[in-house]
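Asks: Okay, here's what each chain looks like letter by letter:
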Amino acid sequence: KAGVTQTPRYLIKTRGQQVTLSCSPISGHRSVSWYQQTPGQGLQFLFEYFSETQRNKGNFPGRFSGRQFSNSRSEMNVSTLELGDSALYLCATSTSGPYNEQFFGPGTRLTVL
Amino acid sequence: AQKITQTQPGMFVQEKEAVTLDCTYDTSDPSYGLFWYKQPSSGEMIFLIYQGSYDQQNATEGRYSLNFQKARKSANLVISASQLGDSAMYFCAMRESMEYGNKLVFGAGTILRVKS
Numbered sequence: 017k018a019g020v021t022q023t024p025r026y027l028i029k030t031r032g033q034q035v036t037l038s039c040s041p042i043s044g045h046r047s048v049s050w051y052q053q054t055p056g057q058g059l060q061f062l063f064e065y066f067s068e069t070q071r072n073k074g075n076f077p078g079r080f081s082g083r084q085f086s087n088s089r090s091e092m093n094v095s096t097l098e099l100g101d102s103a104l105y106l107c108a109t110s111t112s113g114p115y116n117e118q119f120f121g122p123g124t125r126l127t128v129l
Numbered sequence: 348a349q350k351i352t353q354t355q356p357g358m359f360v361q362e363k364e365a366v367t368l369d370c371t372y373d374t375s376d377p378s379y380g381l382f383w384y385k386q387p388s389s390g391e392m393i394f395l396i397y398q399g400s401y402d403q404q405n406a407t408e409g410r411y412s413l414n415f416q417k418a419r420k421s422a423n424l425v426i427s428a429s430q431l432g433d434s435a436m437y438f439c440a441m442r443e444s445m446e447y448g449n450k451l452v453f454g455a456g457t458i459l460r461v462k463s
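Which chain is which? The protein sequence lines are A and B, in order. The opening position of the first sequence corresponds to residue 17 in the working numbering, with each subsequent residue numbered one higher. The opening position of the second sequence corresponds to residue 348 in the working numbering, with each subsequent residue numbered one higher.
Hints in this document: simulated from the structure, not taken from any laboratory. For each residue, glycine too, the CB sits at the ideal point set by N, CA and C. Any given hint might turn out to be false.
Chain B is nowhere near these chain A residues, computed Cβ spacing over 12 Å in every case [said to hold, decoys possible]: (1) 18; (2) 28; (3) 80; (4) 85; (5) 89; (6) 95.
With the Cβ distance kept under 10 Å, some of the chain A side facing chain B (calculated, not the full set) [said to hold, decoys possible]: (7) 25; (8) 59; (9) 60; (10) 66; (11) 69; (12) 74; (13) 104; (14) 117; (15) 119; (16) 120; (17) 121; (18) 122; (19) 125.
EDC-like mimics (lysine to aspartate or glutamate), calculated; alpha carbons at most 20 Å apart, straight line [claimed, not checked]: (20) B/462 x B/362; (21) A/73 x B/443; (22) A/29 x A/91; (23) B/420 x B/369; (24) A/73 x B/446; (25) B/350 x B/446; (26) B/417 x B/402; (27) B/350 x A/117; (28) A/73 x A/101.
Pulled out of the complex, with its shape left as it was, chain A reads as follows (with noise of 0.2 Å):
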């Protein structure tokens, strides 16, 4: 079973460009939650998508949206990027059954300059 791929692995990009991030599940899995992990704030949790409907918000400003598409593929889009931005962006996949176990991506990991 193939595991959660995340495109593109790396990113550089100017401040006030946007960014798409994209997230493919595991087969099976309808739930896809976004967290950022940075050096100081450590890991924080974006948001989570269900069955293409934004389920849950993490407190972030709304530069940061997301979306997912009716095979289960999870976009993040963060707009006019801050130097703050820069991070490791993870995203997490599971089948949201009772045991909830989230299974992580590789991160993207993007750099704003």
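Following the hints, complete the assembly by docking chain B onto the known chain A.
Replies: Leaving out everything else, chain B in the frame of chain A:
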């Protein structure tokens, strides 16, 4: 709000010895789940072990075991017979229920270095 505390920023252990990574948590929810993840320098979060709040026995997965002390609100990870490949960042996390579904709340992590 739920909180996870990992008080050890870094740990060293000799190869083949056992090591305990500390994790304490705070929650008012009677039903919760605790996870440990390993993050090598490549960045991927690797699931190690899970403990449910109602589980009667401590969880074990190969060389990993979880020392769960509910009354003390601690869920320490024990790695037996350490290997060089165990060198990584280790995160303790708690599943926090939300209106729909849930999310993971992570501790700050502990860097483990295994010495040969």
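Asks: Going through the earlier hints one by one, which of them does the structure break, listed in rising order?
Replies: none
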